[in-house]
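Each chain, written out:
There are 4 protein chains.
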Amino acid sequence: MIVVMEKGATGPQIQHMVQRVEALGLKAHVIQGTERTVIAAIGEKRSETKEALASGPGVADVVPILAPYKVASREVKKEPTQVTAMRLKVGAGAVGIIAGPCSVENEEQILTTARAVRAAGATALRGGAFKPRTSPYSFQGLKDEGLKLLAMARKETGLAIVTEVMATEDVELVSEYADVLQVGARNMQNYRLLEAVGKAGRPVLLKRGPSATMEELLLAAEYILNEGNPHVMLCERGIRTFESHTRFTLPLATVPYLHHKTHLPIVVDPSHGTGHTYLVPDMAAASIAAGADGLILEVHPDPERALSDGYQSLNLPQFAETMAKCRAVAAALGKSV
Amino acid sequence: MIVVMEKGATGPQIQHMVQRVEALGLKAHVIQGTERTVIAAIGEKRSETKEALASGPGVADVVPILAPYKVASREVKKEPTQVTAMRLKVGAGAVGIIAGPCSVENEEQILTTARAVRAAGATALRGGAFKPRTSPYSFQGLKDEGLKLLAMARKETGLAIVTEVMATEDVELVSEYADVLQVGARNMQNYRLLEAVGKAGRPVLLKRGPSATMEELLLAAEYILNEGNPHVMLCERGIRTFESHTRFTLPLATVPYLHHKTHLPIVVDPSHGTGHTYLVPDMAAASIAAGADGLILEVHPDPERALSDGYQSLNLPQFAETMAKCRAVAAALGKSV
Amino acid sequence: MIVVMEKGATGPQIQHMVQRVEALGLKAHVIQGTERTVIAAIGEKRSETKEALASGPGVADVVPILAPYKVASREVKKEPTQVTAMRLKVGAGAVGIIAGPCSVENEEQILTTARAVRAAGATALRGGAFKPRTSPYSFQGLKDEGLKLLAMARKETGLAIVTEVMATEDVELVSEYADVLQVGARNMQNYRLLEAVGKAGRPVLLKRGPSATMEELLLAAEYILNEGNPHVMLCERGIRTFESHTRFTLPLATVPYLHHKTHLPIVVDPSHGTGHTYLVPDMAAASIAAGADGLILEVHPDPERALSDGYQSLNLPQFAETMAKCRAVAAALGKSV
Amino acid sequence: MIVVMEKGATGPQIQHMVQRVEALGLKAHVIQGTERTVIAAIGEKRSETKEALASGPGVADVVPILAPYKVASREVKKEPTQVTAMRLKVGAGAVGIIAGPCSVENEEQILTTARAVRAAGATALRGGAFKPRTSPYSFQGLKDEGLKLLAMARKETGLAIVTEVMATEDVELVSEYADVLQVGARNMQNYRLLEAVGKAGRPVLLKRGPSATMEELLLAAEYILNEGNPHVMLCERGIRTFESHTRFTLPLATVPYLHHKTHLPIVVDPSHGTGHTYLVPDMAAASIAAGADGLILEVHPDPERALSDGYQSLNLPQFAETMAKCRAVAAALGKSV
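Chains as they are written, first to last, in my numbering: chain A, 1 to 337; chain B, 338 to 674; chain C, 675 to 1011; chain D, 1012 to 1348.
Bear in mind the hints are in silico, worked out from the structure with no lab data behind them.
Computed from a predicted model, the values in this text were never measured in an experiment.
Warning: the hint list may mix true and false statements.
What the hints assert, rightly or not - With the C-beta cut set under 10 Å, the calculated list includes, among others, these residues of chain B facing chain C:
no., residue
1, Ile339
2, Ala377
3, Asn652
4, Leu653
Glycine included, each C-beta is placed from N, C-alpha and C at the ideal position.
Kindly produce the complete structure, drawing on both the sequences and the hints.
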């Protein structure tokens, strides 16, 4: 950690900060610049000692040198992690495709979708049973009934089931049916939920919050990893920016950036990331080209009649075309989807 | 709702959308423009019928006319709502000041702070017992013990206690001690928690998520109101933007905007909104001038040694000065703090 | 255009707005909803009549139906435009690669780079002679001398020269040497400059400003097109968001979105879009997969010693590898680079 | 400057970077941390030496310690600067009010406005003669004719004239009529224009670009100051964020932040900062409370018929009320408007 003193910082202020650094068990190293003094604190731990120094007298800034996450870090584990569930394999060279409707609506809808996405090459089925909705007046999902329908689809197709869990009190129930627990973007910093899915031990798909930094995302993963659950997939699903022609802005540089920083696999969600069906195929292909370890795509047999997110869902032929495109791009890069 | 058709939309597509509108129980009114056709859907309800139309064939856009929130709306209730708890009065002309440390740390810290902020004019005491922290390795709060210390401070000073509840399973416990349940920014869209604090019936301070729109904030409030709990205060605490010289960007136009749209009172948090102690007094005064119904301020007897958020906390004399400044501004505008 | 009246709008207010609409030469069509009245204004022109109505009494909102740009619009010209200059072909199926250093530094640097990028498959050479720099104390470019070195490189390699023009007074000079005039992101709304490059008639590479919307970008292009110059390439080079792990956020959905709205070709700049050399190859490949008609890449023989932007420049072998990757992805999608 | 090496950086890499630092004329100071090595570069100049080091082998990051601006810095000049022009006084305790229409439209409009704002307490008149417009099809201003009308208004009222200059070739003409040259937000990084207004010597009102950082704003000011013109006012007029209920997001913490970093005075523009007339009075008062040295406000005798920006203009009685409010707040803080 580097403590940058203000220009006019006095000798006693510098002395005071040296003592504060030493009180944290660190070694203080004072460097007298031409205009300012900085104190290098050596032996930094990854906890938030920055806070302990930033409000000291005469301190202009405190610059941490170490990233605050540990277990998620590529420095700690060099080999990429692969997460697997049934047919689904994500990471370490494998590219997994998770496809299905926003919400589970009824038996016919989910079975039709499951068969079609399986035939087109998906390895997991997504479908919401518990739906977090912006408005209390919107459809909130079929709940238990939805979970049962997902299990039925798995039985027939062998696809892994990926479904969202919204609250700690539901983790046990959802874990009975799901192969992968999805933590939604709105809950990325719901720490109790992170701890609960960490304890559940099942693979987790952790979606980036729409205003989360990379560090916050990795620290959210750290909450799960810290409970002893190493099966974490990170999911880029778009961020909030000034852009209004897409539902969110999908920043694909997340993929190579995270590959540099963490061993965890990265999944991209071009459906939420764009919010418009016609943009999804190109952005799915672009995600693969950027190095994504997986995709999660909204697919519905009749998007116009979907109970939620129809405007960003692919229909069944569109999904098959998107798969063909992604497969071609992956092959060009020496990978297989 | 206005359904805007694409330029080349065909007769059958327009006919199809008219039927879709009518199937929703609305009256369709077709308007042939010089370049495009639009269909006005009359009788719109506030539920998400937009979704049901946006993915129709030939549809370019769907423009809702009604806001999706009801109970929170100024159209529904014209008179401003006042929320009260012990000495604290917020809204309808009353300006309430909630002050105290980020975290409850120990008896001396919380009692010293409570006495000082009471003496300077605060009407409520804030203090975190359950702390949501970005890193799992940071101090997570004293929990039950913290709640007891807050109750002790209330007993001595008569200040209302405002403290965060992070999870549905804690609502009962926290409600035993707190006068106002705070829902943190990270949990603004934790809908189960919103429902739980709605059912608890206690006054709620609902913080805006750092990337939440006004509509999302009001719909989050609607989750609480919808459970029959009308005691909701909205809190602006800053948004995520490209600015990095402050911790968040504090957009004070939120205050007059929300006063226009809702009857609920608006509290501002200049501590999180700026992230730097030296910016807090001016932004507190500016919040009052913008029409805020209350402030929530981080105050610590010794910020340099605070276990969290010291860099944005006022010390006791700084708080007294800030109060004097706010009182002067309020008086100039015919209000009293 | 749709004029949405406030809930309590009075009869005289509605009547007043009808007259205002008619005074603009439009036909007013009043639609009485259950809760609100809206007035459809038929015959809308693409000029800013919204402004003329938005401040009327009782008006809640004005929703334009037509996009404000004309000549750039896909509705006006269905076939994609191809821009060509020497070997460079961009759009309508052709993918052009523009590569070279941030700044022209000296003869050896520019010639070495030109030969290498030509050999690896680039069709144009970029290089700044006039450099807009954030700080007045930074290197500002070799100016005339730099232009002459670029011309020398063209002579030897046949690469088209792409270089920035910063001011109207330089347009004539730069046009003598350049095959494509680049308008930088900072100047996207420097309207005099847009008019000047429009009049110059040379192909223009128009970079998106870091906070420009799609509509603003297309209207900036419209300034150039409106002077009779149809040779405009749009360039996505990243936007300002809260993300700080990359220099800008590169939103590739721009590419398919713009292809939907305009016939103009789209070039992507992954060097500025990421700001880190190690992220460029993956994002270059992703840009191609998203459908980009061209790339502009910073390449330097010795990035560590570059006078500007070394941290985001590819060295010569890295550029060759990036080209190979892009070529493979393009081939997979049935295109050639 | 602090050069942070990557975790696995080798001895030769560290040695290489030490030599690079020394080659820049700086003293290198190597600090061996427990996990990483950092090199402190002592003697840092304010030019962009960061660039020269950031792409070195094994370098993870380069952290500058000094701000890159000099002449604008509070470290260089402790006393606040006051800018004056005719009656207008801004800074060092004085609060100046600049009011008037978006565009000069005709003699009656500008004279009526000038008289009214003068009577209500404004000290300067704004009004656009050269108008930068997003669309080429919008009204572009009366140009020379507009300047003459402004001069007429000055003659009658004694108000200082503040008007925008869009291009270097207009600086001479505009300087003949204007007392303050306004550089618009779109031109904040039009460096030739900054140099030209620097040379012109007249007071300058420099508006913040909608995605400009504080450092970029201060470096833009530095371009003007560097030409020997010390009469620079900085203007906060709102930034681009995800918020869409206001035209821009007005971040008032800019005011105390800049007062901390620079001696230059700060003016706020709540008209563009909000984009809605009904939000302007509260945000004007809030700006004063935040410590603004001036306001610039759009005022029009008949906003509904304004040729531009009517939706964010105050009419004459609204302006008088806003002035009364601002005067009360200023008085409460010991200042006079």
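Hint by hint, here is what the structure shows:
{"no.": "1", "hint": "Ile339", "in the structure": "holds (6 Å)"}
{"no.": "2", "hint": "Ala377", "in the structure": "holds (5 Å)"}
{"no.": "3", "hint": "Asn652", "in the structure": "violated (30 Å)"}
{"no.": "4", "hint": "Leu653", "in the structure": "violated (34 Å)"}
Consistency note: the structure conflicts with the earlier hints numbered 3, 4.
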